[in-house]
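Visitor: Spelled out, the chains give:
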Amino acid sequence: MKYLPLIWAAILRKPTRAILTLLSVMVAFTLFGLMIGLNATFDSVAEKARADRIFTWPRFGGDGVPLAVARQVAAIPGVKAVTAMNFLPGYVRDPKNQVFVLMTDQNVAKVFGDYGVAAEQWNAVWKDRTGIVMSQFQAERWHKKVGDTFTMISKQVKRADGKTSWDFKVLAVIEDMPQISNGFIFGNYDYIDKAKPLADQGKVNEVDLLADDPATSSAVAERIDHAFANSATPMQTITEKLSRSGSDFGGLDIKKITGGIALAGMFMVLFLTGNGIAESVRERFAEFATLKAIGFTDRSVTAMVVLEAALPCVIGAALGVGIAAFLARQIPGLMPAGFGLPLPTMSPMVMLWAGACAFAVALLSAALPVLWLRRMDIATALSGRG
Amino acid sequence: MLRQIWIVSALNFKSLTSRFWQSMVIVVGLGATIGVLLSMMSVTAGMRQAYANSGDPGRAIVVSQGADSEGQSSITRTDADVIMDAPGIKKDTDGRPLADRALNMGVPVLRNNGTKGYTTLRGFGPKGVALRPEFHLVAGRMFQFGKRELIVGVGAQATFQHMKIGDHVILPNGEWPIVGSYHTGDILEGQLIGDTETMLTALNRTAYNSILVRLTAQDALATFRKAITTNPALQMTVTRHSDWYARVGDQASGLLAVLAYVVGAVMAIGALFGCLNTMYAAVSTRGREIATLRALGYGAFPVAVSVILEGVALAVTGALIGAAIAWAMNDGHQSVWGQNIFVLRVPPSLVLMGVSWALAVALAGGLLPSIRAARRPVVDALRAT
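Protein sequences appear in the order of chains C and G. All residue numbers in the first sequence are consecutive under our numbering, ending with 386. All residue numbers in the second sequence are consecutive under our numbering, ending with 385.
Just chain G, with the same shape it has in the complex (with noise of 0.2 Å):
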């Protein structure tokens, strides 16, 4: 049966060059298709990973109950001395805990292109750029504590205009200069960085958005959780950073996954008509071939089998061509979304959901006319011009 199914195949495969326009409908409706798709899908790929490498498994962020994001969390000075002596926080050098309070809000912008948008101004406490190895500086210095100075994140410096070190940013009584540039790998790089306390000050606030603590060990999440939610002066949620980026990664990309997805199905069903044509075209074409073989003795099922493995070859080949399209295209390109920076990416794993789709639709598209070449008689089919 294998054998059957292998020789068929074969030399379906061999006669391919004498339908070679017609097999290109399904290769150019699968690249079509899945190029469309891997390219959406690269901003939601691209801003799931910068929001991926910002979580730490050995990190854990405390908001206020209730709070979907640091924006919307505020936590006092007195909550947040309480939090920072709580077990499960790990000792730096010197013996203070490598928890640091952190400042969260927008700041207006001007993309390169000319619109208006906003990015995220971060406040670093003394700790931190210690909490955060993947943190480095790569020009001008580093603000300095009690200034009112900022650094920017490379990202940010490539997505804006007027973030170039020595340009001033508008903040509360006063512009504040640019003094040094970040690198960071993650979603941080789109954004501007100061001193937690001087921008308190200058903004007239009294509370912290969140506190990031490096935890003793991975496993320590339970200690420092129970000393943090058992304590009943306490309103706050602590969750392990990487799922808390995770799930801010997948809050932020949804709406374009949806609309990635919605277009996508629209163009895999316009391909998988294309697909029916061509394959029903391939089998009213080999009719008599395909009758040659049965009457020679080959079984209905290599043949429907051979078929189906034809639409398929041409429709991953396809898939993987309009991947490499939707790569070559995007993959590494500096991109913007709202108030997230990010790079897309083209990641293997999407490169795999379009070769399953494109699996898919062959399946569908192989199927109805695999069986019509399977069921056709074979003496109808010999005598067919």
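Excised from the complex, chain C in its bound form (with noise of 0.2 Å):
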């Protein structure tokens, strides 16, 4: 700590040096913070996954398959619970505000336990047929409290009385799920379906259900995909664990475009602080050798050109990480509303490799003067021809 008033001094030699340095350390570690965090928002959501869980859908979308689709995918050896829904896919007033609604069966409890929503809430809902339950990111969005109305239109779902909007009363808001970043909503399927005109009415657009056994998940998976292959209505079959796994955004590589984007930066902070340390040290050559020659050890004078070239590094990565918190939680509100980016997350685990790559370039830029220092002749150094 007896250092801290020489470093100090070193580094405000140069106060634009310093300066310049920093911000570019910052901004560094600003887009180190977004891609890493990213990584860890994809990884989060992929352990949160839950492995017993198994969607199916229609391989050829359409207006849905036959209700007894679900029972048939009940009836398959491995299944535990089996839920199916409709989707009410619209808006709200203007066809910008995309929104969509999970009409269920009164199973979804079984499948979808873990999403928060208590008995005397569902029993509300199939009690209610237009009632929902919306998710705190739902509610904000379209501004609705337990007891409003909330009115959507659908082009896509034909109704019996011709007309093109759908009413529901809003009976429970609850919280979020923070592996589904733009929320839900969920509906009672007999709202839907009794609403469609006859010839469309009994028909799934979604069957979900759980494994009895979470290792055997993948198994189970592949014996739907298998039993529907041939039949009218094939099916499209995938473990919650496979469509959450990490690193697939649309097919590409996400953790490794990040990583390749965060390592680029890091490249670029390198050869500039390793380069303004250099130049440091190489300016106070004869400094350095006072310090010698009155007896600082090589240990003490390796440290203050460590810490001199950490200083920078370390409060530049804070700093980054921290714009890059910030810029994360503004990203929604920058973005149309309904879109569906994963937002970074600055995890410990992202602070703690920012802390590693600030303390590893730190130290790969202090390398070279370091040595010139331990071998330099004080006698030379100190006459100034160095």
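Some hints here could point you the wrong way.
Straight-line Cα separation of at most 25 Å, DMTMM-like style, residue types lysine to aspartate or glutamate; simulated pairs [said to hold, decoys possible]:
#1 G:116 to G:92
#2 C:14 to G:380
#3 C:256 to G:331
#4 C:14 to G:289
#5 C:255 to G:331
#6 C:96 to C:148
#7 G:116 to C:43
#8 C:96 to G:68
#9 G:116 to C:377
#10 G:116 to C:148
#11 C:203 to G:175
Hints listed in this document are in silico derivations from the structure and should not be mistaken for laboratory results. Model, not experiment: these values are computed from the prediction.
With the hints as a guide, bring both chains together as one complex.
Guide: Put into structure tokens, the structure is as follows:
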């Protein structure tokens, strides 16, 4: 600690250089935070995915498949519980305010028990066909609270009465699931089913299920695909684990991309800080010689140089990750509502990585100057010919 | 004046070797920035290229009004007959119109990396191939009309599992064999193709998605469009095929382009600070040299310009290195984004974009240091150690 004034003086020798270095490091770590934070989000989503949950839907969407498919799925060995649902896609007031309601049957609590809808909240929905349960995100987005009416327009789902608007009653607002960034709305299957023309009734868009044993869920998924492969209604089945598997972003390997970007940023910073510290040491070569002459050990001189290099790195990293955390919170406001871009999270892991990288950059940039100082010939350096 | 700029700049460049590592900060900073920017943009550029290749200005596509994509559009059999009789459509050698009723739907696939996604299954009518001179069968044979068979693009074969000739694709009421593979050099290469009418029956559908026509001439679009849009029985939109795919390509790649620009801009800001740092250092280490030149009668302006030129040269070098790395790492690689299968591209236009970004950074980063260099009193600088 007693070296701190010395280091501080060294940094303040060239304030412009110090500030520019700090800013550059900060920007690089902002990018680092956003990129590695995105990985952290993907990881946490993948981790929270339930190993025993499986989704299956018609391979060829259309208007859905007969409700009987759900019963057939339930009869497949290894299946514990099954729920069927219809999608109600549409918008609120303006087509750009896209919204989506999952109209589920009464078995939904068995399959989505972890979504935090209480039994009495479900019962309220089953009693009132038009009832819905909204997650906090959706409730805030449409400014709804319990008891409000929620009206949406759907051009995709035809009603028997020819209307395009659907009225719902908000019966409960529950907490969001962290892995579902856009929130969710659950409604009553009977409402959408009975509102459709007779010919369209009794159809489902998706069947979700639990496997008896999480270890067999991939096998169960394949069994379902196989069972329907040659039928009139082939199904596409995927385990929740696979559908949330981290590094898949529309087929692009997101982790490779974010990792590459973060690395490029670090490479840039390494050159910058390395040069800065090298210059700073070169300019003060005689000073270091003096220090060594009056008895400073190689170790303490090394420590001074490393600390001088580390200071902008560590402060810059802290500021950068801070800015990244701030920006990550602004992203939802900048993107069109309902846009499914995952948000970076500054998990402890991200901070740890940022800290580790900051120290690695500091150590690497200090390495060469430290070597010079250890090998310096004090007499030559003092004479100013070094 | 120009001569002075030339002399001072030449002097700068000759002394660059003594400031090698310092200068490398700019080169590496811009190299990393442009490398990242162009690598990300290679996805956008590849996708746009694939879509641009798909669109032919000599063709027009008809979709139902309000449809943004072929998938959203729906054209009944009756309407299709009316559309195919419209004026402006070129006739084939057999006297029938060069027009094709197309089907377009998503089909689940297993990507090579084990993830699940979709690609497009397209229906061709009898004139599907005649309409597309870019279509070439490369292996196996063409599917037969009336039979439940498919052919697959070479891009899809490279991207997905189970796409070899002889493999089967699950469709309603049975699995369809793949009997051939084709090359088109555009977005269709990542898709599967079968017979429209057979697919309609299998899917229990009654409507087509779109109709593609060959115009009698490129300027026949107006005639054709007028015939379709003035017919009160039809609610259709007619678009030149190249315009259609340019828009679809922009839509498909828009999000990635925005992400690339955001990431690139953040890195460019980081590189800018590095550039400022280096240029300030360069000006200060060469303070005496610059002062000597000023004392010899060189103007402040040539000195300032020479400083900026040095930054620009370093930045452009960095940008070109970054572009070369981005090109080597990406160009020509098969890639996938959602339902789009394409080849990554780093075309000259992207390299030019990278160089202009570098120019902007260098100008911004060289301006303040150059002013400081030019303004510094000669006597002070000469006296300074």
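Visitor: Are the hints correct? Go through all of them and say.
Guide: How the hints compare with the structure:
1. G:116 to G:92: With a Cα-Cα distance of about 41 Å, the restraint between residue 116 (chain G) and residue 92 (chain G) is violated, given a limit of 25 Å.
2. C:14 to G:380: holds (18 Å)
3. C:256 to G:331: Since the Cα atoms of residue 256 (chain C) and residue 331 (chain G) sit roughly 17 Å apart, the hinted pair holds (cutoff 25 Å).
4. C:14 to G:289: Within the cut-off at roughly 20 Å; holds.
5. C:255 to G:331: Within the cut-off at roughly 20 Å; holds.
6. C:96 to C:148: Holds - the C-alpha atoms of residue 148 (chain C) and residue 96 (chain C) are around 22 Å apart, at most 25 Å.
7. G:116 to C:43: Holds - the C-alpha atoms of residue 43 (chain C) and residue 116 (chain G) are around 18 Å apart, at most 25 Å.
8. C:96 to G:68: Satisfied, since the Cα-Cα distance of roughly 14 Å is no more than 25 Å.
9. G:116 to C:377: violated (65 Å)
10. G:116 to C:148: Violated. Residue 116 (chain G) to residue 148 (chain C) sits at ~39 Å, over the 25 Å cutoff.
11. C:203 to G:175: Within the cut-off at roughly 23 Å; holds.
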